[in-house]
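Asks: So the chains spell out like this:
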Amino acid sequence: MRTTLTTEQPVRTTDITPTPAVTAADADPGLQSAARRARRRRTALVWLGRIVVPVVIIGGWQWFTAAGVVDKFFFGQPSGVWHSLVQLFTKGTAFGSIWLNLEITIREAVYGFLLGTGAGIVFGLALGQNRFLADVLGPYIKVANSIPRIILGSIFVVAFGLGTFPKVLLAAVLVFFIVFFNAFQGVREVDQNLVANVRVLGASPFQVARHVTVPSALTWIIASLHTAFGFAIIGALVAEVLGAQHGIGLVIVQAQGQFDMDTVFACMLIMAVVTLVAEYLLTLLERRVLGWRPPSRSEVAAI
Amino acid sequence: MAQPAPGAARIEIIGLTKRFLTPKGRPFTAIQDVSFTVEPGQFCAIVGPTGCGKSTTLGQVSGLDRPSAGRVLVGGQEVRGITKGVSFMFQADALFPWKTVLGNVMIGPVLAGRAKKQAARLARDWLRRVGLAGFEDRYPHQLSGGMRKRVAMAAALINEPKILLMDEPFGALDVQTKAIMQTELLGLWEQTRPSVLFITHDLDEAVALADRVLIMTSGPGSIKQSFEIDLPRPRGEVQAIRHEPRFLELQHQIWSSLKDEVERAYAQTAGVAA
Chain A
1 MRTTLTTEQP VRTTDITPTP AVTAADADPG LQSAARRARR RRTALVWLGR
51 IVVPVVIIGG WQWFTAAGVV DKFFFGQPSG VWHSLVQLFT KGTAFGSIWL
101 NLEITIREAV YGFLLGTGAG IVFGLALGQN RFLADVLGPY IKVANSIPRI
151 ILGSIFVVAF GLGTFPKVLL AAVLVFFIVF FNAFQGVREV DQNLVANVRV
201 LGASPFQVAR HVTVPSALTW IIASLHTAFG FAIIGALVAE VLGAQHGIGL
251 VIVQAQGQFD MDTVFACMLI MAVVTLVAEY LLTLLERRVL GWRPPSRSEV
301 AAI
Chain B
1001 MAQPAPGAAR IEIIGLTKRF LTPKGRPFTA IQDVSFTVEP GQFCAIVGPT
1051 GCGKSTTLGQ VSGLDRPSAG RVLVGGQEVR GITKGVSFMF QADALFPWKT
1101 VLGNVMIGPV LAGRAKKQAA RLARDWLRRV GLAGFEDRYP HQLSGGMRKR
1151 VAMAAALINE PKILLMDEPF GALDVQTKAI MQTELLGLWE QTRPSVLFIT
1201 HDLDEAVALA DRVLIMTSGP GSIKQSFEID LPRPRGEVQA IRHEPRFLEL
1251 QHQIWSSLKD EVERAYAQTA GVAA
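Residue numbers (the numbering used here), protein chains in the order written: chain A, 1 to 303; chain B, 1001 to 1274.
Just so you know, the hints here were simulated from the structure itself, not pulled from any lab data. Owing to the predicted nature of the structure, the values given are computational and were not obtained by experimental measurement. For each residue, glycine too, the CB sits at the ideal point set by N, CA and C. One or more hints might be untrue.
One side of the interface only, derived from the structure: several residues of chain A facing chain B at Cβ under 10 Å [said to hold, decoys possible]:
| hint | residue |
| --- | --- |
| 1 | I147 |
| 2 | N193 |
| 3 | L194 |
| 4 | N197 |
| 5 | R199 |
| 6 | V200 |
| 7 | L201 |
| 8 | S204 |
| 9 | Q207 |
| 10 | S216 |
| 11 | T219 |
| 12 | A223 |
| 13 | L290 |
| 14 | G291 |
| 15 | W292 |
| 16 | R293 |
So that you can see chain B by itself, here it is in the shape it has in the complex (with noise of 0.2 Å):
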């Protein structure tokens, strides 16, 4: 089995509530009272209906955001400012459309301090690792979603992060392509092995990829529950996965509990459009 990677950092969310001012000038509370551990190296999925936080808990994590209650630790250290070893990816690819695919590969070991050339030869190793050697000079325009989506998983992982924060990344792709990136990313993840959070609404997407999947509730976000994958690793191919009778069974047991989570706050955005 793949050991957790040497630098993979544990978080710690202890507590952490996060409040914000509507435009009206109320305070809107988006997560009251989440704790949870995502262990050195472990895949931690985090799935919830449409608004629940998922978004603002990632936030806290990376350090962009600050928590208004609660600690946040990541690897032991309480996060001040922005977490060291992060890479964050988004639904929306956050390629630079005017930088070329080595340009937007080699950006993460640039800002790290690197020199322009060693930068280019990893970022060329990383496009390698991808399959998309031979396209380091085309623009992000000039790529299918597919393509985009490997630039913008090699821009993540080429600074070998502890912590990889993956908010729906694979939202926005078309059923076949998902499942091609998905085996991807996990096969690219047992490489390095850092903890990831991954936000999905996508139960099947959680099952199939995680160790852990929490689910979050509504209106304010807080954790209901927790569930261990005990899916044997390496998964290999996602959409072999989906067939086995354990994934089944789990899926069956998940969806219990994120259906009632699912038609309240359908119910009450429902309710406030009435």
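Here chain A stands alone, though its shape is the one from the complex (with noise of 0.2 Å):
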């Protein structure tokens, strides 16, 4: 990283460059070996730290069960756990093998998510660059983000019936929001004297939402998938506990039913491995799309 660096120079002396340069003190053999040390040390450190959360958490649990401190009939146990997962994935459920029934939900998660941020960078769009419509539908639009939504989802399946549709529903109102007022709040956000430039360059309204306010509103939108999935998530996973012929969220009820904590505890596990390779994906887009941006403040680590 460094070498590259000292090979790009500004043309002109004058300038103070951004980058910093190596310099002699800095090339100190002593002082790298150092400051490698230093930074090895602080690695082993942080997953030294990593490992012992989780061993105290599920070894105090498993513990505390098998003492007889905690009911694991109410709490489940670490054990149990890992045995109805061993059963879900070799027996499946009542409602066929667990991958059908995860992916189903995945699919019901993922329609809603698209659903959902689709309609809400078109309307955080529009509704950002049109003030006078922002003014006449801002209040409406507060009014419905302050209904609980959840709640939606039973009117969903009593129209809908049990298929995907009220899943891929609720999961689109709950991810809308989300989406739809970082848009609006991206676009309200766009610098103004950028506007200005490219208006004077002799950019129609079309030009500057190309070169400007969609780039611009971009980061905004970006950075909210990341809660939207979740939301998608929980909306397809409350949306099945309503009513649903197949699906995690009915595996769950059927679990607690039967007073089987583990098998809840094991499907919540199951989607939040779900979760974390949906949210190692948007990563990917993250950096794919905003690789303009500068490093983070936690990216260049101080020794």
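Combine both chains into one complex, guided by the hints.
Replies: Below is the structure:
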């Protein structure tokens, strides 16, 4: 990293380069190896801490339930959760294999996520750019946002039956408001100098949107997608709990009915893995689309 | 002597008045009855106390804003909508943070309808002229303040505008970088010679760069006095001009006119705060 920086000196010496150059003092081998040792020690400590946390929590849980301090009937037990996981993947559930149910839940969540994100972006950009529309619809959007939308799930299930559609709809509604508010705010935060600049250069309203507004709002929109996907999963699961023929939510309801807390925890774990994978994919997207951003402070670790 | 560019336009401002509605709904007159003319290829600086409506005047010339009364003519044509052949430079560098240096400079020709390839070639040429060859693929945040200003300058000049509007473009720079950028601006301006309206609160900057310095009064803004700057062109190093006797003489003259306005504006704002 450092060697590439030194080869790209600015053309004029009068400028102050923002990128640090390696000075003779920094190149001292003693100093460099000391810095490397400090860095390695820190990494080791961080990993040690990361291992200790789950050992204490899961080990403590197992120990307390085994010793009878906490009743495993109500709170499950790590070994029981593991057993349930194995059961789920080898024997399947009462509603078909775990893979089938997982696929249905993920499909509902993803469709809801796409639908809600699309609608959120379209409405956010439209209202962000149109002051009149924003003033007219603003109060109603606030009202809609203050409704406990999860309850809409009951209506959707009654209205649209036990199929996929009501789940997609509930997930989409939850996602919509998050993406919408971020897209709206993103448009509002656009640098007005930049807008004036391209307008003077003769940009049409469409070109202003294409070159300034949308790219600028994209930072906000993409940041909101992480939270939004979590809500899509919640929407799909809750709608399944309210009424379904397949899906992880249904497996959870059935387990709850049989006081099988281990299976409830096992399902929770499965969905957490799904969300983590989605999070990873979204981070990849973020890096691709927002590659221009300066590295955040945490990435430039102090020695 | 350098001649004005064939495309350079005359800017005529006649009896310009601009009123705004304050957030409380009261009318507020920002500038009143402002009249002056910038000859084609002339470098005209406007100096005045903070909040005297300098930027408002620029907005009317660009066509981003409409006058409440009076007329603005560019090249003999009344300004309606966005004025053609204008470039803007702001104090904050209005660069696209998500575009590379090349992409930032290219935007002018691209919006003017040129093919991407042609625009890129032109942009590379202008980056060379401002001394940023080899930085095409960097993003603005990877550049120093002075380098970002050079990108903004290349982006403003690439379309060879008839008029260059500059709103305190070097206001946020440190003293040394500012002097370097001023010298470079003069060098670039002398190549294409557009008419320039340059807003600043830095009197030294105005005298060193401009052919003419207008003093604006505050609240509501209007033109108080106009000074011709007869320092020879090309002016060369801005830092060297500052020590010439003629510069000091002019600077002294204009300051005595400006001082009253600055003090009056200060007294007004202090009065509001008290």
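Asks: Taking the hints in turn, state whether each one holds.
Replies: Verification of the supplied hints:
no., hint, result
1, I147, "violated, 32 Å"
2, N193, "holds, 4 Å"
3, L194, "holds, 5 Å"
4, N197, "holds, 4 Å"
5, R199, "holds, 6 Å"
6, V200, "holds, 5 Å"
7, L201, "holds, 5 Å"
8, S204, "holds, 9 Å"
9, Q207, "holds, 6 Å"
10, S216, "holds, 8 Å"
11, T219, "holds, 8 Å"
12, A223, "violated, 14 Å"
13, L290, "holds, 8 Å"
14, G291, "holds, 9 Å"
15, W292, "holds, 5 Å"
16, R293, "holds, 8 Å"
The structure shown violates the earlier hints numbered 1, 12.
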